[in-house]
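J.: In case you want the letters, here they are:
There are 2 protein chains.
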Amino acid sequence: MKLSKKGEYALRSLIDLGIAADVGRELVQVAELAEKELIPAKFLEQIMQELKSAGFITSQRGKFGGYRLARPADDISIGEIVRLIDGPLAPIGCVSQTSYEKCSCPDEVHCGLRMLMLDVRNAIAGILDRYSLADVVDVTTRKMKRDGIPLPFSHERTHGAARRSAKEQPAAAATKRQQIPADRRLKPVEGILSELFPDYTI
Amino acid sequence: MKLSKKGEYALRSLIDLGIAADVGRELVQVAELAEKELIPAKFLEQIMQELKSAGFITSQRGKFGGYRLARPADDISIGEIVRLIDGPLAPIGCVSQTSYEKCSCPDEVHCGLRMLMLDVRNAIAGILDRYSLADVVDVTTRKMKRDGIPLPFSHERTHGAARRSAKEQPAAAATKRQQIPADRRLKPVEGILSELFPDYTI
DNA sequence: TCTTTTTCATATCATTTCAATAGGAATTAA
DNA sequence: TTAATTCCTATTGAAATGATATGAAAAAGA
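Top to bottom, those sequences are chains A and B.
All residue numbers in the first sequence are consecutive under the working numbering, ending with 202.
All residue numbers in the second sequence are consecutive under the working numbering, ending with 202.
Calculated directly from the structure, the hints in this document are not laboratory data.
Ideal placement from N, C-alpha and C gives every residue a C-beta, glycine not left out.
Treat the hints with caution; some may be incorrect.
In silico DSS-like pairs for lysine-lysine, Cα to Cα no more than 27 Å straight-line [unchecked claim]:
1) B:Lys102 / A:Lys102
2) A:Lys5 / A:Lys36
3) A:Lys36 / B:Lys102
4) A:Lys6 / A:Lys52
5) A:Lys6 / B:Lys6
6) A:Lys36 / A:Lys52
7) B:Lys36 / B:Lys6
8) B:Lys2 / A:Lys6
9) A:Lys5 / B:Lys52
10) B:Lys102 / A:Lys42
11) A:Lys2 / B:Lys52
12) A:Lys5 / B:Lys102
13) A:Lys63 / B:Lys2
14) A:Lys52 / A:Lys63
15) B:Lys36 / B:Lys145
Residues of chain A clear of chain B, computed beta-carbon distances all greater than 12 Å [what the hints assert, rightly or not]:
16) Lys52
17) Gly93
18) Arg121
19) Glu190
Sequences are here, hints too, so could you generate the full structure?
T.: Structure representation (structure tokens):
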């Protein structure tokens, strides 16, 4: 049930571009992304091309060029990205909603494995299609702020140009912080769900 | 997020062995499994060896030999099987509960991607570790009976030996049904969940 | 105009994984 | 003794994975 390195790199870079957009940074170069995320730069270049031709990002060529998100981060679902890079979310072709493929089993209708895997695919898609890049960016930046870690991409890099003022996030997207008794904090799930909904339990 | 062919074959065969156990069939040979499921026989042989050395099945060698489940089907979780054949359920190593691996990202604690993938891993494991082989077998045989399709493995194959009587299933495991208003019942999903709990919604 | 820095485009490569295939040894029943 | 089966190990071919390599095209600044 693996996500490929390529998929991981794509997501990490897009999340970074989302953060950059949030802090008012216009463009981010491949070199900077690669350095920050420890991704081989040339490999990342290729990935960025794919993301570009799929319409997730746009680019500025030449000196002081770079990449930025093509659409608002809340308009890009994680599922879309994963599907582009790694193909269908479904564990087996016969339960894929976006690219069904007949399987080799003799009777698909009465196949218990298929029913099971349909649940798995729905569970995966239920998460990846429900969450947007903006959700992941929000959760990340919120956690960093909470821990006093400065956000990346807060200034232009090689270029002394005046930076846009960061969009004032109205009270950190109204983080309804809610205290949880210490004994309930024992088994934090640490997922996005628990981050967005502090009372979420599995 | 793929399940490998090998994993699929392993699961299909184990489900078959579960059905065989249910209908009182003592042993099933690789050739029969391979034929029924359209799996290359020699490939399946290898898989059966792995399943055997992992303790899921036992074998009888020689003429009229074959395989059977080593433990009751409700004692074997699907997750175990998948982990054996395909490795950890987690999409990336840094969220695996059974075989964690540090990832290359600079700050694991504030990594939004990691939080997201943790949810995905929990969703997958929540299904695959919760369901047993018996659940899948039950759902399969129930659906076949409902549609008037004869269960496979109902008689010995080449051998005229007396077959065991099938275990009488006591009223299909008392499903506590709970009504959900019709407008909340979004779309029937056809998964195992919806099969076991007809009012299940996503 | 020339240089530097960037994206863009292709080709290539090394390794691993996947999905088998092959050949035969050991075991068992008749 | 023979046939049918599991067991064991090696090999193979194709594809995917995760990169490198090389250089063209574009943009900005000197």
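J.: All hints, please: hold or fail.
T.: Going through the hints against the structure:
1. For the proposed pair Lys102 (chain B) and Lys102 (chain A), the alpha carbon gap of about 37 Å is over 27 Å, so the pair is violated.
2. As the CA atoms of Lys5 (chain A) and Lys36 (chain A) are separated by approximately 16 Å, the hinted pair is consistent with the 27 Å bound.
3. At roughly 17 Å between alpha-carbon atoms, Lys36 (chain A) and Lys102 (chain B) fall within 27 Å of each other, so this suggested pair holds.
4. Our distance criterion of 27 Å between C-alpha atoms is met by Lys6 (chain A) and Lys52 (chain A), whose separation comes to about 15 Å.
5. A threshold of 27 Å between alpha carbons decides the hint, and for Lys6 (chain A) with Lys6 (chain B) the separation of about 24 Å falls inside it, so the pair holds.
6. Taken as a hint, the Lys36 (chain A) and Lys52 (chain A) pair is honoured in the structure, with Cα atoms around 20 Å apart against an allowance of 27 Å.
7. Between Lys36 (chain B) and Lys6 (chain B), the direct Cα distance comes to roughly 16 Å. Compliance with the 27 Å bound is thereby established for this hinted pair.
8. Distance restraint check for Lys2 (chain B) and Lys6 (chain A): the Cα-Cα separation of roughly 15 Å lies within the 27 Å cut-off, and the hinted pair is therefore satisfied.
9. Only pairs whose Cα atoms come within 27 Å are accepted, and Lys5 (chain A) paired with Lys52 (chain B) is rejected, the gap being roughly 33 Å.
10. Restraint check for Lys102 (chain B) and Lys42 (chain A): satisfied, since their Cα atoms lie roughly 23 Å apart, inside the 27 Å limit.
11. Straight-line distance between C-alpha atoms of Lys2 (chain A) and Lys52 (chain B) comes to about 25 Å, which keeps the hinted pair within the 27 Å bound.
12. For the hint pairing Lys5 (chain A) with Lys102 (chain B), the CA-to-CA distance comes to about 14 Å; that is within 27 Å, so the pair holds.
13. Proximity of Lys63 (chain A) to Lys2 (chain B) is assessed by CA-CA distance (about 41 Å); at most 27 Å being required, the pair is judged violated.
14. A hinted pair counts as satisfied when its Cα atoms are at most 27 Å apart, and Lys52 (chain A) with Lys63 (chain A) qualifies at roughly 19 Å.
15. Between Lys36 (chain B) and Lys145 (chain B) the alpha-carbon distance is near 18 Å, which keeps this suggested pair within the 27 Å criterion.
16. The beta carbon of Lys52 (chain A) is kept farther than 12 Å from every beta carbon of chain B, the shortest such distance being approximately 20 Å.
17. Look at Gly93 (chain A): its CB is around 9 Å from the nearest CB on chain B, not clear of 12 Å, so calling it non-interface is violated.
18. With 12 Å as the threshold on Cβ separation, the claim that Arg121 (chain A) sits away from chain B is violated: the shortest Cβ distance comes to roughly 8 Å.
19. At roughly 6 Å, the least C-beta separation between Glu190 (chain A) and chain B is not larger than 12 Å, which violates its mark as non-interface.
Hint check: violations occur at hints 1, 9, 13, 17, 18, 19; the rest are consistent with the structure.
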